[in-house]
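Could you slot chain B onto chain A? The hints should help.
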Amino acid sequence: MAAAEQCFHCALPIPANCDIRVEIGGTQQPVCCPGCKAVAELIRDSGLERYYDSRETPDPGAVRPPEDAGEWQVFDRDDMLAAFSTRQGDRAEASIYVGGMYCAACSWLIDSTLSTMTGIASADISPVTHRLRVTWNPAATGLGGILAALANLGYRPQPLAPDSTERPERGEQRAALKRLLVASLGMMQVMMFAVALYSGEFQGIDAKMERFLRLVSFIVTTPVVFYSARPFFAGAIRGIRARKPGMDLPVSIAIGSAYVASVYATYTNGPAVWYDSVTMFVFFLTVARYLEMRARHRSIDRSTALSSLLPNTATRIDGDARQLVAVSQLVAGDRVRVRAGESFPADGAIIDGVSSVDESLLTGESAPRQKSIGDTVVAGSINLDGVVDMHVEKTGVDTTLGMIGRLSERARYARPTFVNLADRIASYIVVAILVIAAVVATTWYVIDADRAFVITLSVLVVTCPCALALATPAAFAAAGSRLADLHLLVTNGNAIEMLSKATHVVFDKTGTLTRGAPEVVRTTVQDEHFIEADCLQIAAALEVASTHPIARAFVKHETALRASDLVVTVGAGVEGVIDGRRWKLGSADFVTEMPAPMPTGESDVATTQVFLGSERGVVGAFEIDDALRDDAHNTLKLIEKMGISTSLVSGDSEAPVNRIATTLGIGDARSGCSPDDKLATIRTLQKAGEVVVMVGDGINDAPVLAGADASIAPSHAASLAQSSADILMLGNLLQPIVTALRAARQTMRVVRQNLGWAIVYNIVAVPLAATGFVPPWLAAIGMSASSLIVVLNALRLSRFE
Amino acid sequence: MNILYLLIPLALLLLGGAVWAFFWAVGSGQFDDMDTPAVRVIMDDDKRPPDDGVE
Numbered sequence: 001m002a003a004a005e006q007c008f009h010c011a012l013p014i015p016a017n018c019d020i021r022v023e024i025g026g027t028q029q030p031v032c033c034p035g036c037k038a039v040a041e042l043i044r045d046s047g048l049e050r051y052y053d054s055r056e057t058p059d060p061g062a063v064r065p066p067e068d069a070g071e072w073q074v075f076d077r078d079d080m081l082a083a084f085s086t087r088q089g090d091r092a093e094a095s096i097y098v099g100g101m102y103c104a105a106c107s108w109l110i111d112s113t114l115s116t117m118t119g120i121a122s123a124d125i126s127p128v129t130h131r132l133r134v135t136w137n138p139a140a141t142g143l144g145g146i147l148a149a150l151a152n153l154g155y156r157p158q159p160l161a162p163d164s165t166e167r168p169e170r171g172e173q174r175a176a177l178k179r180l181l182v183a184s185l186g187m188m189q190v191m192m193f194a195v196a197l198y199s200g201e202f203q204g205i206d207a208k209m210e211r212f213l214r215l216v217s218f219i220v221t222t223p224v225v226f227y228s229a230r231p232f233f234a235g236a237i238r239g240i241r242a243r244k245p246g247m248d249l250p251v252s253i254a255i256g257s258a259y260v261a262s263v264y265a266t267y268t269n270g271p272a273v274w275y276d277s278v279t280m281f282v283f284f285l286t287v288a289r290y291l292e293m294r295a296r297h298r299s300i301d302r303s304t305a306l307s308s309l310l311p312n313t314a315t316r317i318d319g320d321a322r323q324l325v326a327v328s329q330l331v332a333g334d335r336v337r338v339r340a341g342e343s344f345p346a347d348g349a350i351i352d353g354v355s356s357v358d359e360s361l362l363t364g365e366s367a368p369r370q371k372s373i374g375d376t377v378v379a380g381s382i383n384l385d386g387v388v389d390m391h392v393e394k395t396g397v398d399t400t401l402g403m404i405g406r407l408s409e410r411a412r413y414a415r416p417t418f419v420n421l422a423d424r425i426a427s428y429i430v431v432a433i434l435v436i437a438a439v440v441a442t443t444w445y446v447i448d449a450d451r452a453f454v455i456t457l458s459v460l461v462v463t464c465p466c467a468l469a470l471a472t473p474a475a476f477a478a479a480g481s482r483l484a485d486l487h488l489l490v491t492n493g494n495a496i497e498m499l500s501k502a503t504h505v506v507f508d509k510t511g512t513l514t515r516g517a518p519e520v521v522r523t524t525v526q527d528e529h530f531i532e533a534d535c536l537q538i539a540a541a542l543e544v545a546s547t548h549p550i551a552r553a554f555v556k557h558e559t560a561l562r563a564s565d566l567v568v569t570v571g572a573g574v575e576g577v578i579d580g581r582r583w584k585l586g587s588a589d590f591v592t593e594m595p596a597p598m599p600t601g602e603s604d605v606a607t608t609q610v611f612l613g614s615e616r617g618v619v620g621a622f623e624i625d626d627a628l629r630d631d632a633h634n635t636l637k638l639i640e641k642m643g644i645s646t647s648l649v650s651g652d653s654e655a656p657v658n659r660i661a662t663t664l665g666i667g668d669a670r671s672g673c674s675p676d677d678k679l680a681t682i683r684t685l686q687k688a689g690e691v692v693v694m695v696g697d698g699i700n701d702a703p704v705l706a707g708a709d710a711s712i713a714p715s716h717a718a719s720l721a722q723s724s725a726d727i728l729m730l731g732n733l734l735q736p737i738v739t740a741l742r743a744a745r746q747t748m749r750v751v752r753q754n755l756g757w758a759i760v761y762n763i764v765a766v767p768l769a770a771t772g773f774v775p776p777w778l779a780a781i782g783m784s785a786s787s788l789i790v791v792l793n794a795l796r797l798s799r800f801e
Numbered sequence: 001m002n003i004l005y006l007l008i009p010l011a012l013l014l015l016g017g018a019v020w021a022f023f024w025a026v027g028s029g030q031f032d033d034m035d036t037p038a039v040r041v042i043m044d045d046d047k048r049p050p051d052d053g054v055e
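Just so you know, the sequences run in chain order A and B. Using the numbering used here, the letters of the first sequence correspond one by one to residues 1 to 801. Using the numbering used here, the letters of the second sequence correspond one by one to residues 1 to 55.
Here chain A stands alone, though its shape is the one from the complex (with noise of 0.2 angstroms):
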């Protein structure tokens, strides 16, 4: 094999006969086709090379040009235009979904790009979200033309129809913002105003001036009140209602019980104002459900998810005439014409054609299928070799894929229920610290009236809850930004505190354990003339023009040899002549033409065997396997060491899950498990009190993903199941389940021992300030101090490795 030279463009590696360069800045850098040849002499010529400079090393292969760079023409029709797009006189405006961008730079890249294009005003995108949002004018411009842009660039664009989910999204983050503002200019303004409350209580003050402030604070804090803290509010009633009343209803409590004491000590000229303390337990709650709802937004929204899996668009056969229309319009009765390499647009039969189907994706299951007239297919899965036409039965979401996506949906839904530890700690101290303050205040009111104001003061500020509200944020947006370095990202706080109590680990097969695409295991050479290399020579050049997957593990292999007069015949082989020889490639039959006899049943065989024959007869066999990840074995071994008990399970036959079990000492193996079954799996083990985290990658795994109590997807995982999984890993490696494991962990105990901190605190502090030792000044001093030692504490987690 050659030396690992990567593609300069995608990064992935050259292939051994490929030979192609491009100039870039002055240099020659080498690429692995020329689709990527084609994309790196765009950005050049288009004066944008400081993309490679910027950019973050990709994913091997997520910027690799699609080999088909698809025919948008069809996109600049008026009828597809009013589907994907809203007018407003001569703007029209549409959202696109950019598959295949992974940084800032390519954010950059496309905006670059578009911004010499005529006729665009503005281009919106978010490499959070992978959305752009184009306004331009159409009668310049038509959409096909800035879909052909992006695909020119390497991206794989997808229109969004304008009524997809993004709206209430960004209502909900634009909600969250302002009431984020709102509490935080008014818990400025009220901690100012409450400055000087407590420097006159040292002073002296004017009994009008105090009046007064005491009023100013109540015109502040009644918007922060009613405005910022109303999704608490609405959050209990919703848990009183449904009789389940959740952490909402101790802080409504505390909030609501504070103002209205406070309301009331202003009406009456009573004692002490807590206006302060309620702002700033607004605020620091509010900055916590923002950061998480950041977080939640992070992943990739159902609808896109669902909607990625399928081809923008499709050949409809209408009799004689044939036309292209988008995937949305298609109704169930029509016939759909599939290309070799297009996937599915819709659920139905084939009624013309046969072909193997890689429904990996789908079912788990590694070897594609072989389907002819009458077979099913579902939307999603891969047409790989033949051309095939399907009669539609069912579009959108009454697919498979569509059923799939509503399970997840529901057993999201359905997981167990979980409070997490702050809140439930915080609101009560909460409650505690506001009787504790009322009971002082009472008994100081009787034993020296003078006195009770003061004290009352210095109780309430000592336990400002300011400490236990920061101890789990802090802690947690520390560890996401490192999590973030070490190439996780964290889009569900909760999965941080599910994690950490993990006791078993539950793994998808195909795609996740394993790499997911095939690889030449074993080769065995059954004619003495030839030796290994000869044989796999010969392979790779006969499978250069195949698109199925066994042909991926050949062309790997490196050739000097080229191939003539090649024939594909679906489902069993290809043939062609290299130096005057003919050969075969394919299945045992292909190759010796005479039903040749197959060992046993399918069942036995784990790998997938695939000869190779000359006229002389058969020449070579190899295995074909999908490969264990290289760190399996060691990322299995350190979840064991960490006492979390490991599970496999699979929609793969039983033969090959078995094995991988067994090789890896994974002693529960399930195999053929529809998504129903998996979700199963989980739903038994969490009643056995079991905290359980999956990890997978297909569309399959998506319910079990939004079941487990956690769950991580690789990068490379189906879109749908990245949306149901609380992390993403980015790389291609399993390794960092375990460092997503142990910063858990870490993450954790910084939280308790932050949580710790403030109880202390707080059990010395209370005495001392209700006995009248501790005076205002002293006790704002010791609650700043226990909030800055919580946060220090938190940003421990920042040098996590």
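Source of the hints: derived by calculation from the structure; they are not laboratory data. Ideal Cβ positions, reconstructed from N, Cα and C, are used throughout, including at glycine.
Label pairs and their in silico Cβ distance ranges:
| no. | chain 1 | residue 1 | chain 2 | residue 2 | range |
| --- | --- | --- | --- | --- | --- |
| 1 | B | 17 | A | 484 | 31 to 39 angstroms |
| 2 | B | 17 | A | 256 | 23 to 31 angstroms |
| 3 | A | 231 | B | 29 | 21 to 29 angstroms |
| 4 | B | 17 | A | 397 | 41 to 49 angstroms |
For chain B alone, kept in the frame of chain A given last:
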């Protein structure tokens, strides 16, 4: 100290103005993408003017 009776209400008015301006900014979509602008400002400095480029 009587000046406070004027200054504090004035401050509140300013506060109201700030909140209104922020709400307007949020509503016009300026906070929808918090990630790109931070990077774009570093990268865009030598972009050619649109007329100058190759069509």
